[in-house]
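Top to bottom, those sequences are chains A and B.
Taking our numbering, the leading residue of the first sequence gets 3, the next gets one more, and so forth.
Taking our numbering, the leading residue of the second sequence gets 1038, the next gets one more, and so forth.
It should be emphasised that the hints constitute simulated quantities derived from the structure, not laboratory data.
Beta carbons: idealized from backbone N, C-alpha and C, even for Gly.
Take the hints with a grain of salt, since some may be wrong.
[Said to hold, decoys possible] Derived Cβ-Cβ restraints for the label pairs, each shown as a range:
(1) B:Lys1424 x A:Asn224: 28 to 34 Å
(2) B:Leu1423 x A:Val49: 36 to 42 Å
(3) B:Asp1265 x A:Tyr34: 51 to 57 Å
(4) A:Gly42 x B:Phe1151: 55 to 61 Å
(5) A:Gly152 x B:Arg1228: 16 to 22 Å
(6) B:Leu1423 x A:Tyr34: 18 to 24 Å
(7) B:Thr1050 x A:Phe209: 51 to 57 Å
[Claimed, not checked] Some chain A residues well away from chain B (every beta-carbon gap over 12 Å; in silico):
(8) Gly42
(9) Leu54
(10) Ala122
(11) Ile140
(12) Ala166
(13) Ser174
(14) Tyr191
(15) Val219
(16) Gly220
(17) Val233
(18) Val303
Residues per chain, in single letters:
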Amino acid sequence: MNQVSPGAAGELLPPTASEPQHQKKGLSLGDYTERLALVGAWIVVIVVFSILAPETFFNVRNFTTMFGTQTTLVILALALLIPLTAGDYDISVAATLTMTGMIVAVLNAQHGVPIGVAIAIALSIGALIGLINGFFIIFFDIDAFIVTLGTGTIVLGLTLWISASQTISGVSPWLSSWVVEHRLFGISYEFYYGLLLCIFLWYLFDFTAIGRRILFVGRGTNVARLSGIRVGRVRWGCFVAAGIIAAAAGVLYTGTAGASDPTSGATFLLPAFAAAFLGSTAITPGRFNPWGTFIAVYFLVTGITGLAILGVQTWVQSVFYGGALVVALSASRIVTKRRERAARL
Amino acid sequence: MDQTLVVRNMSMTFGGQRALDEVSVSIRRGEVHGLVGQNGCGKSTLIKILAGYHHPDPGGELEIDGRPVKLPVRTGSASELGLSFVHQDLGLLPSLTVVENFRAWRISTESEWFIRWGRERERTEEAFARFGLSLDPRATVGDLPAVQRALLAIVRALDDLAEYTKDDDTRSGLLILDEPTVFLPRTDRDRLFDVVRKSVALGASVLFVSHDLDEALAVTDRITVLRDGRVAGTVVSAETEKDQLVEMIIGKRLEAFEALHRAHTVADEGHVTVDGVSGGTIENVSFTMKEGEVLGLTGLVGSGFEEIPYLLFGAEPAEKGRLTISGHQHDLAGMSPSAAIKAGMALIPADRQGAAGVGSLLVRDNVMLQIIDRYRPYRLDRRRYLKDSREALRQYDVRPPEPNMDFQALSGGNQQKVVLAKWLQAAPKVLLVHEPTQGVDVGARLQVFQTITQAAAEGMSVVCASSDYVQLAAICDRVLVFHGGEIMCTLVGDEITKDRITEQCYMSARTLRPDKDMRMRA
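Chain A with its partners taken away, still in its complex shape:
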């Protein structure tokens, strides 16, 4: 039971807590700085690389490529965001991405299943993985991190099995055409899919009752439960949503390459986490939020692209993403601590 032992409120009154003196009206300059720090850092990175590599980095083609090719990461990071907001880690999303991408390739290229049907099956499998995750996490009350570590590994194993560890190519060009070939303002369609999902999640988290409930579940499980929110159902639903969105990322990934390989999807996991945590320091600091995540992905990608253009070798990618995750975690911790301290004053 969560109650404090009954005290002596009658006899010994605590010293009267002072009322907060200032009335907070709107946002202060400091708030804006904090909110937009990541955007600022992004601009700094762009400026620095533009000076270092004026020809190769600072041109339209480079930017349209950067925007047009990273949607898989954007969508995977947004998939993560949902369980993270509800207070759970889902580290099976990268495996889900790999498997569903492979399913589309195997069904369409090897078995001649129409591409639309293959996509529908892939999305259903994403939902199924979320259902299974939720089942073990909610019913057996196990830590989500460990469960999804396990299920993610199972899913990767199954992916190797259905693909016989081979890259499967020959996916219907229709998919590629709608993912990378069609362009709007010079940028591939897939960029706009990520943007649409970002807008949808923004709407969901900020403008709907269900978004508020997810937030309460993540921040105060007990408060949520005692407020009549069915905590288990909400968390479960978040895993299913993450599974479906990760599956969509898988479909796009296959569409981007026109083929699917059974291993490379795993490399998305860390950048996705880095983006989600880095994003939580921006726009709505202290909270996982879609716009912050969106910007964080492109900030990270700009950094990587710039380094690649300067001729730095590919191992730097791992160092850069890993470093970004640790820095992002520290920064988001500082943000929360600062808010808690501000509350105590």
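Based on these hints, arrange chain B on the given structure of chain A.
Chain B alone, transformed into the frame defined by chain A:
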């Protein structure tokens, strides 16, 4: 050398309030000395000074076994000084074995390269045998019945003292038992008292802090009563009656009074009927409430009164029981918070930041959570939402009435107003509150009282579980006094005064409870 502990002129001031005022107590060698008094009388302050947790005002003196001790007591030096504490929560790790718990402290402070578990087990068994007990050293503590856990904690504390008194006849050491029996079934307490008496026979002295006067009278040689931070007197237990002690605790004699004992027959016409609820400490409790009634639930620590709101709301699992709210019947065994809310209940828990509101989220989201669906499903009408939340904060006089700040930035009293606003906006039929003014400043406390009585005046039935007797006297129409998980008496009308409630909490006649293994409190 016949005094084990001497406390002279000990005072302690908190923010201008004297919690202890020139208190002097002495405990003789080989004596079991009781310490009793109401909540806030200074008992726990005194214990915390001995433990080095509080720094007393200058001027007080402390002597142990004839040696003066420098104040404040250095934290962590208790066992060197010859003091050994057993607190209510016992300080055991339930997932470890008996021997690990028994020897944990020693083992972790000695630098041994290789722990010989066989030898440790023998030592543990020997220590238990000294007190005529047997306990499998390999058993997991969490699996033991409550009484065995308590005994383990006490024997462990005595073993610490043995280390201190070893090789020095002038030392006796003091075992301090701070309400160790609160969660024990009565029949098991005798076994614990046997151990206390044996330890005294072996040369230790005991300070026995308790709420239970029968128990204190039975086990102690003398009793010191504290009242409002002062010593109200020290009496010889064998020559003292319980009502004399109650008089010393309250500070005056109340005229003879016959409370309505066990008057909780179930009536049909009640607005709210609770029939035979059991769960946790609570056993088969029934009561009815009228519309607009404020019903107080109280009792001493361990009586279970505070569990009732959580059981009714489904926040804690009830074993059985039926609840009827204006004609609709609900099975309490299957109750959940969401079902309770649908049934028209609201719960304001004592744990404000852990169970009532989320500190890191905005005030507006905290205050609007219960009525968020009024803003059309899947579309929060932002402007109206913000306007309404500000309106709610104004109505309940939250200061500042600013919806866009973190809940944790508000003072305790204002947080409680937000929580009240959150639930009352949803217009429940039954409001369940637990310690509604704990950690709330004086001004806000009155506002909370007003809000609750106002809600009742509008027809809500309010259940208020509290150990704050002043508060109960201020807002309740009726008070049920609990003991051992059952209602022991009902106070109504003029009988509801702070002193009368105190008296009944201590005096309540008691029946033996069936021997039942209690779950360990987390």
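- Task: Any hints from earlier that this structure breaks? Give me their numbers in increasing order, please.
- Result: Structure breaks hints 5, 15, 16 and 17.
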